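Asker: Counting with the numbering used here, you get residues 3 to 171 for the letters of the sequence shown.
Calculated from the structure, these hints are not laboratory results. All values reported here derive from a predicted model rather than from experimental measurement. There may be inaccurate statements among the hints.
[Claimed, not checked] 30 Å max Cα-Cα, derived DSSO-like pairs, lysine-lysine:
id, residue 1, residue 2
1, Lys22, Lys105
2, Lys118, Lys80
3, Lys84, Lys114
4, Lys84, Lys144
5, Lys171, Lys144
6, Lys84, Lys107
7, Lys107, Lys171
8, Lys108, Lys125
9, Lys107, Lys80
10, Lys74, Lys31
11, Lys22, Lys80
12, Lys154, Lys105
13, Lys31, Lys108
14, Lys144, Lys125
15, Lys22, Lys84
16, Lys31, Lys50
17, Lys155, Lys171
18, Lys118, Lys154
19, Lys31, Lys118
20, Lys105, Lys74
21, Lys84, Lys125
22, Lys171, Lys108
[Claimed, not checked] Restraint-style ranges between C-beta atoms, simulated for each label pair:
id, residue 1, residue 2, range
23, Glu24, Asn148, 48 to 54 Å
24, Pro23, Lys166, 22 to 28 Å
25, Lys40, Asn117, 23 to 29 Å
26, Pro23, Pro124, 16 to 22 Å
27, Lys144, Pro90, 43 to 49 Å
28, His143, Glu27, 34 to 40 Å
29, Glu53, Arg142, 41 to 47 Å
30, Lys22, Lys144, 48 to 54 Å
31, Ser121, Glu57, 23 to 29 Å
32, Lys171, Pro23, 54 to 60 Å
33, Lys22, Lys125, 35 to 41 Å
Backbone N, C-alpha and C fix where the C-beta goes; we use that ideal spot for every residue, glycine too.
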Amino acid sequence: MKKTFLLLLIFVPVGLFAQKPEALEHFNKAERLYNAQKYDAAIEEYTKAIEIDNEYINAYLRRAFCYNVAGKYEEAIKDYDKIIELQPNNIYALNSRGSAKNKLKKYDEAIKDFNKVLSLDPKNQEAYNNRGWAYEGLGRHKDACNDWKKSKKLGNSEAALILKNTHCK
């Protein structure tokens, strides 16, 4: 979760300067609502920003994150799809879409997203960790363990706990 927020901090400031003023106004209102944990209201404001500027990447990212928090994974996937349409190599969107697909038990589709992330960033510990869960969901325990081991080796502390709790040798 901390990594996700840090990635958003990187994406959000870059995009703020290129947006239409009205869209930015709704985006900023959505951010305040998000920080107050009013996710449904934040989603409405991100949606208004997107209606004004349908290529507002950061509004899609943040709205998708709200959908994830609310457990609305299909809706989140739609936003990640749009981001990937606009930026095919957006690692954050690819990894996040794969995670949402994992939640929906669409493991084969999720693995494709994680594979794409790893083709762009071979040291992406989060993609290895997430792909491990997809493999585990498919009953491919050995492959899952291998990915969690790679994730741990790359510095993912969560992977160490997963390895311990899933009986990987």
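Asker: Take the hints in turn and mark each one as holding or not.
Answerer: Status of the hints after comparison with the structure:
With a CA separation close to 34 Å, the supplied pair Lys22 and Lys105 exceeds the 30 Å bound. A distance of roughly 18 Å separates the Cα atoms of Lys118 and Lys80; the hinted pair therefore holds under the 30 Å criterion. Our distance criterion of 30 Å between C-alpha atoms is met by Lys84 and Lys114, whose separation comes to about 17 Å. Restraint check: the Cα-Cα separation between Lys84 and Lys144 comes to about 34 Å, which exceeds 30 Å; the hinted pair is violated.
For the hint pairing Lys171 with Lys144, the CA-to-CA distance comes to about 9 Å; that is within 30 Å, so the pair holds. Between Lys84 and Lys107, the direct Cα distance comes to roughly 21 Å. Compliance with the 30 Å bound is thereby established for this hinted pair. Among the hinted pairs, Lys107 with Lys171 is consistent with the structure: their alpha-carbon atoms are about 25 Å apart, no more than 30 Å. With a C-alpha separation of about 24 Å, the suggested pair Lys108 and Lys125 falls inside the 30 Å cut-off, and the hint holds.
At most 30 Å may separate the alpha-carbon atoms for a hinted pair to count; Lys107 and Lys80 meet this at roughly 16 Å. With a C-alpha separation of about 21 Å, the suggested pair Lys74 and Lys31 falls inside the 30 Å cut-off, and the hint holds. Under the criterion of a C-alpha separation no larger than 30 Å, the hint pairing Lys22 with Lys80 is consistent with the structure, at around 23 Å. Annotation: proposed proximity of Lys154 to Lys105 holds, straight-line Cα distance about 22 Å (limit 30 Å).
At most 30 Å may separate the alpha-carbon atoms for a hinted pair to count; Lys31 and Lys108 exceed this at roughly 34 Å. For a cut-off of 30 Å, the pair hint linking Lys144 to Lys125 stands: about 20 Å separates their Cα positions. At most 30 Å may separate the alpha-carbon atoms for a hinted pair to count; Lys22 and Lys84 meet this at roughly 19 Å. A C-alpha spacing of about 10 Å is found between Lys31 and Lys50, which places the hinted pair at or below 30 Å, so the restraint holds.
Among the hinted pairs, Lys155 with Lys171 is consistent with the structure: their alpha-carbon atoms are about 14 Å apart, no more than 30 Å. Between Lys118 and Lys154 the CA atoms are separated by roughly 20 Å; this keeps the pair inside 30 Å, and the hint holds. Our distance criterion of 30 Å between C-alpha atoms is broken by Lys31 and Lys118, whose separation comes to about 34 Å. For the hint linking Lys105 to Lys74, the alpha-carbon distance of about 10 Å falls within 30 Å, and the restraint holds.
Of the supplied pair hints, the one linking Lys84 and Lys125 holds, its CA atoms being roughly 25 Å apart against a limit of 30 Å. Proposed proximity of Lys171 and Lys108 is supported: the alpha carbons are some 26 Å apart, at most 30 Å. Under the hint 48 to 54 Å, the C-beta atoms of Glu24 and Asn148, about 49 Å apart, fit the expected range. The given range of 22 to 28 Å is broken by Pro23 and Lys166, whose C-beta atoms sit roughly 51 Å from each other.
Distance hint check: the CB atoms of Lys40 and Asn117 are about 36 Å apart, inconsistent with the given range 23 to 29 Å. Take Pro23 and Pro124: their Cβ atoms lie about 40 Å apart, and the range 16 to 22 Å is violated. Separation of Lys144 from Pro90 is about 31 Å and departs from the stated range, judged on CB atoms against 43 to 49 Å. At about 50 Å, the beta-carbon gap between His143 and Glu27 misses the expected band of 34 to 40 Å.
Hint check: Glu53 to Arg142, Cβ distance near 42 Å, so the stated range 41 to 47 Å holds. About 51 Å separates the C-beta atoms of Lys22 and Lys144, a value consistent with the hinted range of 48 to 54 Å. Distance hint check: the CB atoms of Ser121 and Glu57 are about 25 Å apart, consistent with the given range 23 to 29 Å. For Lys171 paired with Pro23, a C-beta distance near 58 Å keeps the hint of 54 to 60 Å intact.
Checking the proposed 35 to 41 Å range against Lys22 and Lys125 shows it holds: the Cβ atoms sit about 37 Å from each other.
The structure does not agree with the numbered hints 1, 4, 13, 19, 24, 25, 26, 27 and 28 stated previously, though it agrees with the rest.
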